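Under UniProt numbering, the sequence shown has 49 at position 49, and the numbering climbs by one with no breaks.
I should point out that these hints are in silico values taken from the structure, not numbers from a laboratory. The structure presented is a predicted model; accordingly, all values stated were derived computationally and were not measured. It is possible that some hints are incorrect.
Stated by the list, open to error - Taking CB as the label site, the calculated pair distances span:
#: 1; residue 1: R94; residue 2: K3; range: 22 to 28 Å
#: 2; residue 1: Q25; residue 2: Y112; range: 32 to 38 Å
#: 3; residue 1: K98; residue 2: Q25; range: 40 to 46 Å
#: 4; residue 1: D279; residue 2: L200; range: 36 to 42 Å
#: 5; residue 1: D279; residue 2: D183; range: 29 to 35 Å
#: 6; residue 1: R145; residue 2: R36; range: 34 to 40 Å
Claimed, not checked - The calculated lysine to aspartate or glutamate pairs, modelled on DMTMM-like cross-linking and capped at a C-alpha distance of 25 Å, are:
#: 7; residue 1: K294; residue 2: E64
#: 8; residue 1: K294; residue 2: D265
#: 9; residue 1: K173; residue 2: D157
#: 10; residue 1: K3; residue 2: D23
#: 11; residue 1: K3; residue 2: E21
#: 12; residue 1: K3; residue 2: E58
#: 13; residue 1: K179; residue 2: D279
#: 14; residue 1: K179; residue 2: D116
#: 15; residue 1: K3; residue 2: D157
#: 16; residue 1: K294; residue 2: E230
#: 17; residue 1: K294; residue 2: D282
#: 18; residue 1: K3; residue 2: D183
#: 19; residue 1: K3; residue 2: D18
#: 20; residue 1: K98; residue 2: E117
#: 21; residue 1: K184; residue 2: E64
#: 22; residue 1: K294; residue 2: D279
#: 23; residue 1: K184; residue 2: D116
#: 24; residue 1: K294; residue 2: E192
#: 25; residue 1: K98; residue 2: E64
#: 26; residue 1: K294; residue 2: E281
#: 27; residue 1: K233; residue 2: D265
#: 28; residue 1: K233; residue 2: D279
#: 29; residue 1: K179; residue 2: E248
#: 30; residue 1: K179; residue 2: E244
Glycine included, C-beta positions come from ideal geometry on N, C-alpha and C.
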Amino acid sequence: MTKELAGMYAALMTGLSDAGEFDPQRQRNINDYVLRQGLAGLYVGGSSGESGLLTVDELLAQQEVVFAGAAGTGTRLIAHVGMPNLRDSIRLARQAQKLGYHALSALPPHSYPFSDEEVFGYYQALASATQLPLIVYEIPLRTGRPLPLGLLVRLLDLGNVVGIKFTSTDLFKYSMLRKRQPDKLFYYGFDEIYAAAGVLGTDGGIGTTYNLLGRLYVAVDQAIRVGDLERAKALQMVSQDFVEVLLETGVLPGMKAAFRVIGVDCGPTRAPMALAVADAEDRMRAVLARPAVKEWLA
1 MTKELAGMYA ALMTGLSDAG EFDPQRQRNI NDYVLRQGLA GLYVGGSSGE SGLLTVDELL
61 AQQEVVFAGA AGTGTRLIAH VGMPNLRDSI RLARQAQKLG YHALSALPPH SYPFSDEEVF
121 GYYQALASAT QLPLIVYEIP LRTGRPLPLG LLVRLLDLGN VVGIKFTSTD LFKYSMLRKR
181 QPDKLFYYGF DEIYAAAGVL GTDGGIGTTY NLLGRLYVAV DQAIRVGDLE RAKALQMVSQ
241 DFVEVLLETG VLPGMKAAFR VIGVDCGPTR APMALAVADA EDRMRAVLAR PAVKEWLA
């Protein structure tokens, strides 16, 4: 089962109403587009889905909508359940198991400067709360600090823990962790430099811009696996050109602007998250019209 979880996953975005409430139909609009990308699966309820701004009940509802839409497609589903407190995380995890998700993942506990032992205790409890495989998560951008290499090794030794989503530019630590845990799954999380991690060895990627350009990232990964590094480099530069513009607009608001440009009704981001520029849709329209980017739209 573990290796069946390998591959490229969209860190699925969330559909919201104009009033900022979870909107099942707009979620289906996003799902329908992303499912045409040829990705291995969907990573549901993570940072790209604005999970830090949603209620647990909304995340539970999203799990149900996504599962129903992916049924019969062969799409692997990983439920992100990493809430600031363990009780909510376990609630999300247990519903994901009941629905039939294939695996779980979770941010380390956040909102407070938790100690290494508190982080370990969180994952230990979550790993034993269901029978689903668990993917731990290194993302200093969200937690405010990198987890020590030794702690990551211990976490990967926990029962039911099958791998890690590594979203950090510290590729030396990434390599050292792979060296110490060669039998675990390693997903890389920074879209714009996926190829750099891919050369060091990955089992797949999980990313925000995969929602829109998933076919591009599948091609980057395939090029690396057959040793065509020149093609991988060229395709990664297409990703970087898109991400450069996206950073100007704000990542999630900009992604939703891009979806609007291509006719996918997904709604706004939840306040206080907002576009960084007034002409975001014009900027997205311009970058998506570039032939090197346009060819990868589903």
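Q: List, from low to high, the hint numbers that the structure doesn't satisfy.
A: Result: hints 3, 5, 7, 10, 11, 12, 13, 19, 20, 21, 27, 28, 29, 30 break, sorted rising.
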